[in-house]
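K.L.:
Quick note, the sequences are listed as chains A and B, same order. The opening position of the first sequence corresponds to residue 14 in the working numbering, with each subsequent residue numbered one higher. The opening position of the second sequence corresponds to residue 316 in the working numbering, with each subsequent residue numbered one higher.
What the hints contain is simulated information worked out from the structure, not anything from laboratory work. Take these hints with a grain of salt, some might be off.
[Unchecked claim] Stretch-level coverage of chain B by chain A, calculated; a stretch enters the list once three of its residues show a Cβ under 8 angstroms from a Cβ in chain A:
#1 481-493
#2 503-516
#3 626-633
#4 746-752
Just so you know, even glycine gets a beta-carbon here, dropped at the ideal spot from N, CA and C.
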Amino acid sequence: MPETVPVDISRTPGAPLAEFDPSPLTIASGDLVFWVNDDEEDSHKPQSIDPQSNTWMDFPIPRRIPGEPVASSNTVVFLNTTAAVRVVQYACELHPGETGTIMVEPQT
Amino acid sequence: MSKTEDAEVQSVVIDESVPAPDTQLSKPTRREFLGQSLAATSAIALAGMLPTEFLRAAAQSCVPAGGKKLIEIKQIKSSGKKLQAVLKLRGERGLERIVSGPTDKRLLLRFFEGYNAANPADASQQWPSNKDLVGNDVPANAPVPGPTFRANVGDTIQITFLNQVKVGHFSNSLDKGERGETPGCDETPLDPKPPNFPPDKKWYPYEDTFPNCFHGSSTTNIHYHGTHVTPSTTGDNVLIFIRPSEKVVENDVEALFRELFQHCDTHGEPKKWEDLPEGFRNLQMGPYRDSAGKSYPKGLIGDYDDNAPYQDGRGLPEGKRLWPINKAAIDQGLWPQYFIGAYPYCYKLPEYKEDAQGNPTGVRMGQAPGTHWYHAHKHGSTAINVFNGLVGAFIIADDTAEGYDGKLRSFYRNKFGHELKETVLVVQQITDTINLMSIRLVGGNPRSPGAIPFFVNGQSMPWVEMRPGEVQLWRMVNAAPQGFTEIGFSSPDFTYRQTAQDGVQFKFANFQKSVNPKITIAPSNRVDLLVKAPTTPGNYEMEGLVNICVKSGTPLTLGFPETEAEFPKFPDFLKDIRADKVRIWRKIEYGWEEGRTRNRRNPANAPRPYAPPQFTIDDRQFEDGVVDQLMLLNDTEEWTIYNKTTLAHPFHIHVNPFQLVEVFAPADSATPVKFEKDMIWHDAFAIPAGKLDGDKIIPGHFKMRTRFVDFTGMYVQHCHILAHEDRGMMQLLEVRDKVRTPFKHH
Chain A
14 MPETVPVDIS RTPGAPLAEF DPSPLTIASG DLVFWVNDDE EDSHKPQSID
64 PQSNTWMDFP IPRRIPGEPV ASSNTVVFLN TTAAVRVVQY ACELHPGETG
114 TIMVEPQT
Chain B
316 MSKTEDAEVQ SVVIDESVPA PDTQLSKPTR REFLGQSLAA TSAIALAGML
366 PTEFLRAAAQ SCVPAGGKKL IEIKQIKSSG KKLQAVLKLR GERGLERIVS
416 GPTDKRLLLR FFEGYNAANP ADASQQWPSN KDLVGNDVPA NAPVPGPTFR
466 ANVGDTIQIT FLNQVKVGHF SNSLDKGERG ETPGCDETPL DPKPPNFPPD
516 KKWYPYEDTF PNCFHGSSTT NIHYHGTHVT PSTTGDNVLI FIRPSEKVVE
566 NDVEALFREL FQHCDTHGEP KKWEDLPEGF RNLQMGPYRD SAGKSYPKGL
616 IGDYDDNAPY QDGRGLPEGK RLWPINKAAI DQGLWPQYFI GAYPYCYKLP
666 EYKEDAQGNP TGVRMGQAPG THWYHAHKHG STAINVFNGL VGAFIIADDT
716 AEGYDGKLRS FYRNKFGHEL KETVLVVQQI TDTINLMSIR LVGGNPRSPG
766 AIPFFVNGQS MPWVEMRPGE VQLWRMVNAA PQGFTEIGFS SPDFTYRQTA
816 QDGVQFKFAN FQKSVNPKIT IAPSNRVDLL VKAPTTPGNY EMEGLVNICV
866 KSGTPLTLGF PETEAEFPKF PDFLKDIRAD KVRIWRKIEY GWEEGRTRNR
916 RNPANAPRPY APPQFTIDDR QFEDGVVDQL MLLNDTEEWT IYNKTTLAHP
966 FHIHVNPFQL VEVFAPADSA TPVKFEKDMI WHDAFAIPAG KLDGDKIIPG
1016 HFKMRTRFVD FTGMYVQHCH ILAHEDRGMM QLLEVRDKVR TPFKHH
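I would like the entire structure built from these sequences, with the hints used as guidance.
P.N.:
Laid out in structure tokens, this is it:
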């Protein structure tokens, strides 16, 4: 059965960039991934660097405000119809130095 | 002409010869009809067993190594005619993995947690606690149903509900439409996009449109499924939205709700906003100051409007703000729809009473004692929340000497010296992902997610222990969002009788006929069974649900009630609804979009290869603010509910149960099966699937009679395959005490 997996976006205090956790993330083909913005400093917008990929989300995920609900993205369903592991590399559109990886296992 | 009136013209027939409700509905006559043949019950042997012997035997477990014993869900019980509970919606409880896969991810699931508000320190009424789970050989944080509520007919229910879910832990948790990110539906793009996929579509919602799509899953409310109570204000109200808040805790609302609960106890449910305590109104709508001194001039609703995420920022724009919507409702004397963090549920389970002439002195329909349940019911997220596990059993007892519970217990105690053990089985399907949002290339069907297994009280195939020959009362709740199950034992040496359906007790004649019956339990159905174990010790199975180990030892010689005097008295308000009392006939049609004949989705089905069926009732989907069926208070109606699709849809109606009078399953028989006497009460019944005949469908149907008694207000009827309900297979109903017309005729 497919599952839905969160990726946390957080920042070590004072660090110039936020980080994706877990990264790399290993999922099964058909699983869904969404991003949670735990960063109090800035919005983020993860997007695959592969031009063949779809747009993952139409708006950045707003920054966290303590005491308010933490915002998250919509889900993205990842598919792998090949026999090898599919490696999806992505970066934040607003902060290109923030990068992450998703490993999609082959369909069994 | 409005859509409401239009629908009535098409589907409603009125019999002018039947008096309107104000002048009818007196005592049902005792006229007997020719009935169906009755099967004789098996002979019952008489013998007893000392309680001490029973306890000694019970101490020895017969669960095989590696097997998990059925978890007994703790009960929050009423005392002094009041059920006082705190129920919290929380997140984070998860299970390891249901199926094997490449990672060791844990599913994050929402869950209910509760305790007895009258005695918060009573650990025996706190549920769930990891101590209980680990003590039962279950991993800490395993997903389990919420606490079982136990109350009596006539009790007042007072539940402080707190929505404390951490929204960041759940996908599509915040309402994307409210945040300006989508037209309203959750969205899930597919990566990579299939080569022939329509470029203007997303994998989800594809062609689903707001509000009939998955959305806003952290907002909720609670449906008290099977209760005969007001659907308005603080009753079984599924039209309100309670948003999560980490700012509202028990202490903030405890004293305020106590004031409301006292008012509710004395004067009945609140009728208008002003009946709520001023402190709670101010907490919601302002002005309010929290314990840290922070000021909320428009309460937590205004604070939500100011701080909720909107596109790339914070604060909702005009038109999307909730405070003005609530204010407009309050100014019109209506109940507001939006609440933040907490809600006081308060209602009375009505007790039926008659005068010497046999006429009701209060309510016309009592609350049926039996096995009921509660679950999350916000349109657009009912399925995912019930899949997560936002469910619990709700036992409404009648412990009087002749009442349902009192009589069954005293029968076994007096006749056999046996204490009847009650086993509550809450059947669930647990997952964190709606299958329409995901994809699987299995068997050529790109959307097939595979079967979602059943869990019982939070475990797969747990073990129930029984003494040889023991009889137990099994209260089964199918709390699964989509799975049907059937009663079947691995050995014919198990014998059983059905005592109630959907929390409504059987008449003795129906009990007598139910000799090891084949019972399909559709989603939301409840079935009460007296189950008698074989006398031969060993391991058995109730197929697909639980394992049963029968211990060694001297077999008990127990039987089932044999005579009407040995069976609970059938309440007068449950007598048959006679055909000549019916004043209104309606036709309701469950279907899907025009032209569709098959449910199966096949990529070769161009031009819409990926579109799942759009399910409809009376050829349209649920629409905000449009009443689909309007009923007159205390009217008696007969509905024929058709199914134009090729899969069974469990029809469920809130507030009033109904009696089944006819069933037509075209796949099974050429003619309908009719029930003319001792009709069985349900609050949900799966409309038999239609049968494909070439390119046409022969619809299945069932016919039921019901009375729209005691409560006015708005509520719903819908498919209890909950993804169908979320996607629009639901109608808004209204019961009015009189029909008003805006027109003058002169």
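K.L.:
Compare the structure with each hint and give your call.
P.N.:
To see whether the hints hold, each was checked on the structure:
1. 481-493: holds (count 10)
2. 503-516: With 6 residues in contact (Cβ-Cβ under 8 angstroms with chain A), the coverage given for the region 503-516 of chain B holds.
3. 626-633: Contact hint for the region 626-633 of chain B vs chain A: holds, 4 residues under 8 angstroms.
4. 746-752: Answer holds; 5 residues pass the 8 angstroms Cβ test.
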